[in-house]
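Start from chain S and add chains H and V according to the hints.
So you can see what is in the structure, the chains are spelled out below.
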Amino acid sequence: MMDWQPLVLTFKLAAITTALLLIIAIPIAYWLAHTKSQIKPILETLVSMPLVLPPTVLGFYLLVVFSPANPVGNWLDEHLGLQLIFSFEGLIFASILYSLPFMVHPIQAGFSNLSSSLTEASYVLGKSKSTTLFKVLLPNIKPSLLTGIVLAFAHTIGEFGVVLMIGGNIPGKTKVASIAIYDEVEALNYDIANWYSLILFVIAFIILLMVYLINGGYLKRFWK
Amino acid sequence: MIQIALQKKLTAPHGSMLLDIDININKGSLVTLYGDSGAGKTSILRMISGLLQADKGRITVNQKTWLDTNKGIVLKPQQRKIGYVFQDYGLFPNMTVKQNLLYALEKDQSNHTVSELIDIIELGDLQERKPEKLSGGQKQRVALARALVRKPEILMLDEPLSALDNKMRAKLQDYILKVHKQYNLTTLLISHEISEVIKMSDQVFIIENGKINKQGNPIEVFTTKQMSGKFQFSGEIVQIEQEDVIYIVTILIGINFVKIVAEENEVATLAIGDKVIVASKAFNPLLQKID
Amino acid sequence: MNILEGKITDIKTHGSVSLVTLLMGSVYFNTIIIETSDSASYLRKEHVVKVIFKETEVIIGKNQNYPISVQNKISGALLDIENGILISKLTIDTAIGKIIAIITTDAAKDLQLHVGQHVIAMIKTTEIMLSP
Chain S
1 MMDWQPLVLT
11 FKLAAITTAL
21 LLIIAIPIAY
31 WLAHTKSQIK
41 PILETLVSMP
51 LVLPPTVLGF
61 YLLVVFSPAN
71 PVGNWLDEHL
81 GLQLIFSFEG
91 LIFASILYSL
101 PFMVHPIQAG
111 FSNLSSSLTE
121 ASYVLGKSKS
131 TTLFKVLLPN
141 IKPSLLTGIV
151 LAFAHTIGEF
161 GVVLMIGGNI
171 PGKTKVASIA
181 IYDEVEALNY
191 DIANWYSLIL
201 FVIAFIILLM
211 VYLINGGYLK
221 RFWK
Chain H
1001 MIQIALQKKL
1011 TAPHGSMLLD
1021 IDININKGSL
1031 VTLYGDSGAG
1041 KTSILRMISG
1051 LLQADKGRIT
1061 VNQKTWLDTN
1071 KGIVLKPQQR
1081 KIGYVFQDYG
1091 LFPNMTVKQN
1101 LLYALEKDQS
1111 NHTVSELIDI
1121 IELGDLQERK
1131 PEKLSGGQKQ
1141 RVALARALVR
1151 KPEILMLDEP
1161 LSALDNKMRA
1171 KLQDYILKVH
1181 KQYNLTTLLI
1191 SHEISEVIKM
1201 SDQVFIIENG
1211 KINKQGNPIE
1221 VFTTKQMSGK
1231 FQFSGEIVQI
1241 EQEDVIYIVT
1251 ILIGINFVKI
1261 VAEENEVATL
1271 AIGDKVIVAS
1281 KAFNPLLQKI
1291 D
Chain V
2001 MNILEGKITD
2011 IKTHGSVSLV
2021 TLLMGSVYFN
2031 TIIIETSDSA
2041 SYLRKEHVVK
2051 VIFKETEVII
2061 GKNQNYPISV
2071 QNKISGALLD
2081 IENGILISKL
2091 TIDTAIGKII
2101 AIITTDAAKD
2111 LQLHVGQHVI
2121 AMIKTTEIML
2131 SP
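Chains as they are written, first to last, in my numbering: chain S, 1 to 224; chain H, 1001 to 1291; chain V, 2001 to 2132.
Take the hints with a grain of salt, since some may be wrong.
Stated by the list, open to error - Derived lysine to aspartate or glutamate pairs resembling DMTMM-like cross-links, with alpha carbons at most 20 Å apart:
#, chain 1, residue 1, chain 2, residue 2
1, H, Lys1076, S, Asp191
2, S, Lys135, H, Asp1108
3, H, Lys1139, S, Glu120
4, S, Lys142, H, Glu1132
5, S, Lys36, H, Asp1055
6, H, Lys1151, S, Glu120
7, H, Lys1071, H, Asp1022
8, S, Lys127, H, Asp1108
9, H, Lys1009, H, Asp1036
10, S, Lys135, H, Glu1106
11, V, Lys2098, H, Glu1264
Said to hold, decoys possible - Coverage of chain V stretches by chain H, computed from C-beta distances (three or more under 8 Å per stretch; other residues unrestricted):
#, stretch
12, 2028-2040
13, 2080-2086
In short, the hints are calculated from the structure, not lab data.
This one's a predicted model, so the numbers in the text were calculated from it and none came from an experiment.
Glycine included, each C-beta is placed from N, C-alpha and C at the ideal position.
Chain S on its own, in the form it takes in the complex (with noise of 0.2 Å):
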C-alpha cells in the first residue's frame, strides 16, 4: 500500500523552506546587486557553492557540526533546545542552504535589471529604503521572484543526499519521497516505488514548465 505520508512531508519541507528562504534570499540578493564591496565575490560564491558540491558533502558537514558531539550542535541544543540532526527542523535547515541559489539568483538578476533610477526616484520623493523596497523594487520584480519561488520549491521536493545525511529515514519525521522511492525499491516493491516517481514527475513537469511560461512571457496576461 502507498503511504502518502513521505509526500505530504516533501510538500511540507518544500513549502516551509521556500517560504523561509523568499525572506532570506531578499536582503542577500539586495546586497549582492547593489553592493561595491570587495567581499562580494566570496559570498556569490559561497551562496553559489550548493550548485555543484554534491550533496552529500553538504549533508556530511552539517552532520559533523550539528552532531551533540560538536561545541556547535552542543550549544543549540542546550540553549536553543534545537536538535537539528535526524530531525525536520535540521531537513529544513539543510533545504534552505541546498537551494539557496536558486532563490537568490533570479532575485538578484531581477534587481540587477532594474534602472537605478526607480531607486534614486523613490528616494527623492522622500521615501525610506523599505519603503522603496516594498512599494517599487519587489513589486517590479514578480517574474524574477516567481521563478525563484518555484525553482527553489522544485529543487526542495527533489533532494536526496542532504536529506538522507543530516535527516536519515524517520516516517513522518524526515522521511520523504525521494526516500520513500529509494526504500521501496531497496525492498523491492517497484509498484510503489512507481507511483511515488509518477507523482515526483508530474509534479516536477508542471512546476518547470511553469517556470518557462512564465520567463517565455506566455503568462504575461495572467500575472500583472
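Frame of chain S; chains H and V shown alone:
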C-alpha cells in the same frame, strides 16, 4: 538664495577630473547648466540631490544647510526637498500614471495636489495608463508632474528634452516654463542646446571639465558681441545659397526656418551647422495677429 | 554687415528708448535703440562703440542738398560696382571706412552710377545697431 560649493574627484572617460564649482542661485530663477557630455553636469545635480557624495562642499538652500562637509552635515536625499526628472524618466512601471503621482505624496499631503498637477500638465487622459503605454513626451510630462508633487525647493531636470523631436520639445519647454512660474520654483536644467538655454533660462553656467567657465544672462554669455538689436534669436545654419551678388542663409531657430540675406564677406566666415545669433532692430519686424 | 566705429557724444533717454549721437570722423550719426545706460554698460558718453547696419539698409543719393528725412549721411567715392541681374552691390569709400550698399540693379542704372563717382550713403536712424 541657494549657495552651492562642491568639490569631487570624478573618473571621466579620459582619466580623472576634479569637479570644483561655487555658484549662487536666486530663488525663483531658472538656471541652466550647459556643457559637453562628461563635463560634470549630471554629477552636480546628483550631488545637490544627495544621490552622489561630494568630497568637500557646502549647500545651503534658503538658510537651511543640506551639506557641510566641514561640520559633518550630510542630509539624505529623502531629507532634501527636491524634484528630480531623470534622463530615463525613472517612472515606476508597476504603477499607473496617477499611482506614480500619488506615491510621491507626503504623509500629511492631500490628494488635491495630484489632481491639480494632472490638470495643469494635462495628464487627465493618461492617468490610468502604465508607463510602458506612454510615448517619450508623455513619460516626460508624467516625470515632471511627479517631481512637483512634493512642492520641491529645487526642481532639477537632467537633459529632459534631448530624446524628443523638435515639436514635442517646444511643447515641453512651455510646460516647464508654465509650472516654473506657477509654482514659483527654483529650477535647474541641464541642456546642450543653445536655443533651449536662451529660451528657458534666466541664468546659464557653462561647465567645462568640471569648472564653471562662464556665467550670466544666456544671451550675453552666448553672444560674443553684445548688440543693441532687440530682435534676437540663436539658431543653426542649415543652408547657404548664392543669389545674384548676395547670399541667402537659411537658419533653423527652434522649429522655424528663417532666411537672412547676407553679403559675401559675412558668408566667408559661416558654414552649415554653425550656431549664429540672428539680430534685427525692434523697429523692423511687423506684427500681425493670427485669428 | 557694415561695421564702423563711432564715439558716443550724446545720449537722450526717454523710458527705455535712447537716441544716441555718435561722432564718426567729422560727421555725426544718430541712432535710436531700445536700451539705456542702465541696461547696456557700453552706453556711456565718450565710449567708442561699433556702429552696425545692414548693407540692404543703405540708401544711395547723388545730391547732398536734397531735403530728406534720413539724418545719417556720409559722402564717398564709388570704389566698385558689382551688377547682378536684379541686385547690385556697391562699395563706397568714405572718410569713416568702406560702406557696402545693396540696391536693386534698376536703381543703380537709373542713377547712372560709375566707379569713381561721388555719392551720398544714407542710413535711417532706426536701422543702426550698436555693440561694444
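A quick look at each hint next to the structure:
1. A hinted pair counts as satisfied when its Cα atoms are at most 20 Å apart, and Lys1076 of chain H with Asp191 of chain S does not qualify at roughly 66 Å.
2. With a CA separation close to 19 Å, the supplied pair Lys135 of chain S and Asp1108 of chain H stays within the 20 Å bound.
3. Restraint check for Lys1139 of chain H and Glu120 of chain S: the C-alpha separation of about 17 Å stays at or below 20 Å, so the hint holds.
4. Between the alpha carbons of Lys142 of chain S and Glu1132 of chain H the distance comes to roughly 16 Å, so the proposed pair stays at or under 20 Å and holds.
5. Using a Cα cut-off of 20 Å, the hinted pair Lys36 of chain S and Asp1055 of chain H holds, with the two alpha carbons roughly 18 Å apart.
6. In summary, the hint linking Lys1151 of chain H to Glu120 of chain S is supported, as the alpha carbons are separated by about 18 Å, within the 20 Å threshold.
7. For the proposed pair Lys1071 of chain H and Asp1022 of chain H, the alpha carbon gap of about 18 Å is at most 20 Å, so the pair holds.
8. Of the supplied pair hints, the one linking Lys127 of chain S and Asp1108 of chain H holds, its CA atoms being roughly 14 Å apart against a limit of 20 Å.
9. Between the alpha carbons of Lys1009 of chain H and Asp1036 of chain H the distance comes to roughly 18 Å, so the proposed pair stays at or under 20 Å and holds.
10. For the hint linking Lys135 of chain S to Glu1106 of chain H, the alpha-carbon distance of about 15 Å falls within 20 Å, and the restraint holds.
11. Between Lys2098 of chain V and Glu1264 of chain H the alpha-carbon distance is near 14 Å, which keeps this suggested pair within the 20 Å criterion.
12. For the stretch 2028-2040 of chain V, the stated coverage by chain H holds: 5 residues have a C-beta nearer than 8 Å to a C-beta of that chain, and at least 3 were required.
13. As drawn, the stretch 2080-2086 of chain V meets chain H at 5 residues by the rule of a beta-carbon pair under 8 Å; at three or more, the given contact holds.
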